[in-house]
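Heads up: the sequence lines are chains X and L, in that order.
When we follow this note's numbering, the leftmost residue of the first sequence carries the number 1, and every step to the right adds one.
When we follow this note's numbering, the leftmost residue of the second sequence carries the number 271, and every step to the right adds one.
Read the hints as simulated data drawn from the structure, not as lab findings.
What you are looking at is a predicted structure, and each value in this text was computed from that prediction instead of being measured.
Please note that a few of the clues may not be correct.
Unchecked claim - No farther apart than 30 Å at their CA atoms in a straight line, the calculated lysine-lysine pairs in the DSBU-like style are these:
(1) Lys405/L to Lys376/L
(2) Lys420/L to Lys468/L
(3) Lys344/L to Lys38/X
(4) Lys420/L to Lys38/X
(5) Lys8/X to Lys420/L
(6) Lys8/X to Lys344/L
(7) Lys8/X to Lys427/L
(8) Lys288/L to Lys344/L
(9) Lys427/L to Lys376/L
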Amino acid sequence: MKQDTNRKITVEDLLAIKRAERPPAEFWASFESELRAKQLAAIVGKKSWRDTLPRIFTAVYRYHLPFGAVAALALTWAGIHYSSVSVDTVRTVPGAEARPSAHLPVPASTVVQAAERSVRAPEQARVAQPESVRAPAAAADSLVNAAPASKAPRTAIGTRFSDVVAATLADFRENQPELARRDIFSSDREFETTVESMRQAASEPLARLDPAAEERNSRLLESALPAYGSSSGSATLASERVRERASNDRMYESMDPYESSGRTSLEIRF
Amino acid sequence: MNASKALEKTLVASPERKLEADADLAIVRRVQGGDVAAFDQLVFKYRERMVGVIYNMTSNREDAADLAQDAFIKAFQSIHRFEGQASFFTWLYRIGVNSTLSHLRKNRMRSFFSLETVRGDDPVSREVIDALTDKTGAGRDAFIGELQEKLNDAMQKLSINHRTVVSLFEIDGLSHQEIAEVMDCSVGTVRSRLHYAKQLLQAELQPYLRQ
Numbered sequence: 001m002k003q004d005t006n007r008k009i010t011v012e013d014l015l016a017i018k019r020a021e022r023p024p025a026e027f028w029a030s031f032e033s034e035l036r037a038k039q040l041a042a043i044v045g046k047k048s049w050r051d052t053l054p055r056i057f058t059a060v061y062r063y064h065l066p067f068g069a070v071a072a073l074a075l076t077w078a079g080i081h082y083s084s085v086s087v088d089t090v091r092t093v094p095g096a097e098a099r100p101s102a103h104l105p106v107p108a109s110t111v112v113q114a115a116e117r118s119v120r121a122p123e124q125a126r127v128a129q130p131e132s133v134r135a136p137a138a139a140a141d142s143l144v145n146a147a148p149a150s151k152a153p154r155t156a157i158g159t160r161f162s163d164v165v166a167a168t169l170a171d172f173r174e175n176q177p178e179l180a181r182r183d184i185f186s187s188d189r190e191f192e193t194t195v196e197s198m199r200q201a202a203s204e205p206l207a208r209l210d211p212a213a214e215e216r217n218s219r220l221l222e223s224a225l226p227a228y229g230s231s232s233g234s235a236t237l238a239s240e241r242v243r244e245r246a247s248n249d250r251m252y253e254s255m256d257p258y259e260s261s262g263r264t265s266l267e268i269r270f
Numbered sequence: 271m272n273a274s275k276a277l278e279k280t281l282v283a284s285p286e287r288k289l290e291a292d293a294d295l296a297i298v299r300r301v302q303g304g305d306v307a308a309f310d311q312l313v314f315k316y317r318e319r320m321v322g323v324i325y326n327m328t329s330n331r332e333d334a335a336d337l338a339q340d341a342f343i344k345a346f347q348s349i350h351r352f353e354g355q356a357s358f359f360t361w362l363y364r365i366g367v368n369s370t371l372s373h374l375r376k377n378r379m380r381s382f383f384s385l386e387t388v389r390g391d392d393p394v395s396r397e398v399i400d401a402l403t404d405k406t407g408a409g410r411d412a413f414i415g416e417l418q419e420k421l422n423d424a425m426q427k428l429s430i431n432h433r434t435v436v437s438l439f440e441i442d443g444l445s446h447q448e449i450a451e452v453m454d455c456s457v458g459t460v461r462s463r464l465h466y467a468k469q470l471l472q473a474e475l476q477p478y479l480r481q
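With the hints as extra help, turn the sequences into a complete structure.
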């Protein structure tokens, strides 16, 4: 074969050689069988929830700005909505017009609890609807029905929570004296005496030791340990232990850890 | 006139390819309708080109086979999402090229090259080889093997994106527009990558070039 020396060879010509590269025929047979096996596995095999998690996170990450904006809007709306609800429900608390502190905004949960207790009262249960008590908004409506029409003015939102709780408790005590007396916070003094009595009971178990059981234990220990039985024997052992400890202390005191005398030997006095 | 036609060919897909895309879309609709066996036609039609493109990117036959199979499986699994806005082969190439790119990025340090057989019946390659050597028999085969190794080395010295552009344009014959769709970049990026890659290849393959 004669070499054509006049022909121009470019990069494109050399890459044409790569275009002509082809795998042998047996390659395609194995390729086909492997592809069939993979295709079957893909059809039969089910993806677990772990496999779908990265895809979900990727999708969420792609829309993280809209999600964040929607979450911020929802939080803002919820904050505004519930603050307005709590301010509205203050006007419906029974006896709110009697005390200035009762005009403060009350958290929704506190109002619901007060409403539930007030609805349990027989004279108010006839007026209030039981189903409406369960929902916070409906509870406010039932309170409106149960309570006399109050014309309390709207107050500032940023009032202290403790004032609100105090007002609610005062209302509760006034409306439900029987329940309030049985409750744990019916009086401060009662709560303290309860705790004090509990403390005393906790310090008493040593006094409540059974003498018969103690005697039985002594008997058993006497048979097992001869020195335990006689009180004089135990006293002797105790005095020996004290003496031994005192002699050990003297020994340690007699040691000169800094070797101030210049001697290399250790002097021990007994 | 001829120059403008050649330029147009590099920029946009040829009419034959558009006809091909219509035929593919009909098959895809059948698969989407539940005719799973129709997908085999698409596999048979595109397997050589898919393996060829991936082989030119990886220079490894086994990797090319695995990645091409994975690309077909992925295409089969997500064929219900194919809406027909792009041609099927562009979509399939995109799956295969993306899988190969992620594979190459994961295995940057690992590279095992394998050589395929150069078809003797290809006129362009035979002409080039005839121009480069006057040897026959074993000497000619040895020269072809050496040239293949040099080509693989030069391709592997390119970055992954440059190698992909060269493979798709010079070896597989895709237009700039199609490559831009497959690689999800602009046509200008494709052209600049192609230009830069050819310069590097020219420097690497200088001993074999004749101006």
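Now the hints, each set against the structure:
no., hint, verdict
1, Lys405/L to Lys376/L, "violated (41 Å)"
2, Lys420/L to Lys468/L, "holds (15 Å)"
3, Lys344/L to Lys38/X, "holds (10 Å)"
4, Lys420/L to Lys38/X, "violated (35 Å)"
5, Lys8/X to Lys420/L, "holds (19 Å)"
6, Lys8/X to Lys344/L, "violated (43 Å)"
7, Lys8/X to Lys427/L, "holds (24 Å)"
8, Lys288/L to Lys344/L, "holds (24 Å)"
9, Lys427/L to Lys376/L, "holds (17 Å)"
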